[in-house]
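Can you make the complete structure from the sequences, with help from the hints?
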Amino acid sequence: MDENRPIFPQIAEQIENDIISGALPEETQVPSTNEFAAFLRINPATAGKGVGLLVDAGILYKKRGIGMFVAEGARARLVSERRERFRDQYLAPLLAEARKLGIDDAQLVRLITDTSPEKEH
Amino acid sequence: MTTVVEVRDLSKHFGPVRAVESVSFRLEENRIYGLLGRNGAGKTTLMSLLTGQEFASSGRIEIFGESPVENARVLEQVCFIKESQKYPDDFKVKHVLRTAPWFFPNWDQDFADQLVTDFRLPLDGRMKKISRGQFSAVGVVVGLASRAPLTFFDEPYLGLDAVARQLFYDRLLEDYSEHPRTIVLSTHLIDEVSDLLEHVLLIDDGRLIVDQAADDLRGSATTVVGGREAVEAFIGTREVLHRDGLGGLASVTVARLSDTERQAARAAGLELGGVSLQQLVVRLTSGTPTDFEEKSA
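So the protein sequences, as listed, match chains A and B. Here the first sequence is numbered in my numbering, starting from 4 and rising by one per residue. Here the second sequence is numbered in my numbering, starting from 150 and rising by one per residue.
Calculated directly from the structure, the hints in this document are not laboratory data. No residue lacks a Cβ here, since even glycine has one placed at the ideal position from N, Cα and C. Be careful, since some hints might not be right.
[Said to hold, decoys possible] Simulated restraints on C-beta separations:
1) B:274 with A:26: 26 to 32 angstroms
2) B:280 with A:96: 49 to 55 angstroms
3) A:83 with B:329: 36 to 42 angstroms
4) B:252 with A:96: 45 to 51 angstroms
5) A:99 with B:175: 44 to 50 angstroms
6) B:358 with A:20: 51 to 57 angstroms
7) A:26 with B:158: 24 to 30 angstroms
8) B:163 with A:26: 35 to 41 angstroms
9) A:20 with B:175: 56 to 62 angstroms
What follows is the structure in structure tokens.
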């Protein structure tokens, strides 16, 4: 948990990550608010607020009396949202740092190609 | 939302000392509150007033809608675990655990027994002889097993080692989930408990200076770091919570920034950092700190 920012969006992000990675497949039940709270050692109301964010966004839905489930199509939606943010969130700081160190675009591309595990294939 | 505690314009003076000064707030049912502040800020006095153990100099207190002073109906709903609880001279741990149920109608004996095992408490140990950590653990057991609708823990972890403190936090959360109630944790170990808190009351020098949701507080301040001139230009006339510097570098903590302001700061080459609850409390209550004291915070 990052202590320097509100916790509830971080809870939402963790659940999103699990949905994207496939650890929480669509139409499966997610842990209850109290289970999240106990596991992450946080206040249950805070955990509830994080889960609530995803319910409002339609990523999770409530089955009355049973619990919270991952909505159909949730993974695809999250992946496309994250891809949209990728440029701002990852590329911009990468380029800024590269500029600071005098790494030009060609060097950067080479660095990426060399580092990527896919180059072996 | 049901109000459990309502305090209006409460003051407590000991001679010239204004231990609590014009404090007003409410506590809502089934939340975990952090009562934070430095040593001597007035936390214990405030809790003693709320539990009818001290008389107010002025102001009003309502606990479950009534005054707590000599009011059995209210007090059986309230558990106050004091940092320095006094026990009769020859009291052993088992005597404390045998008498506690008389005062608390919701007492859960099985839970108490389980906690005694968890904390490895010596039932035949004398309260005067056992270690500070064991003494604190007895308070923790009573505070949890009492299941009082309003429970105060005043620095409950003194002498408890890291394992026992974690055990306390875990049992507290588990039991609170199953048996919701209003809990007030008074502490200066803020980093350890900050994730457990839903709401924060911060007192400084007898006055209430923060009464806010913990998660709102966590996002409420930003530290702007960069070259001194760039930082100062960005800060302008904003209210500064804290200022730090090293050579040509400045690090200034200000209140919440909007997304546009954050973009502007980044565009100006400044770095933005968050501020944890503990750092925020330090910044709000540290009077006139020197630059170096604050570096480590």
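Hints, one by one, checked against the model:
1. B:274 with A:26: 26 to 32 angstroms: With Cβ atoms ~47 angstroms apart, the hint is violated.
2. B:280 with A:96: 49 to 55 angstroms: holds (50 angstroms)
3. A:83 with B:329: 36 to 42 angstroms: holds (39 angstroms)
4. B:252 with A:96: 45 to 51 angstroms: Violated - the Cβ-Cβ distance for residue 252 of chain B and residue 96 of chain A, about 58 angstroms, lies outside 45 to 51 angstroms.
5. A:99 with B:175: 44 to 50 angstroms: holds (47 angstroms)
6. B:358 with A:20: 51 to 57 angstroms: violated (37 angstroms)
7. A:26 with B:158: 24 to 30 angstroms: violated (53 angstroms)
8. B:163 with A:26: 35 to 41 angstroms: violated (57 angstroms)
9. A:20 with B:175: 56 to 62 angstroms: violated (37 angstroms)
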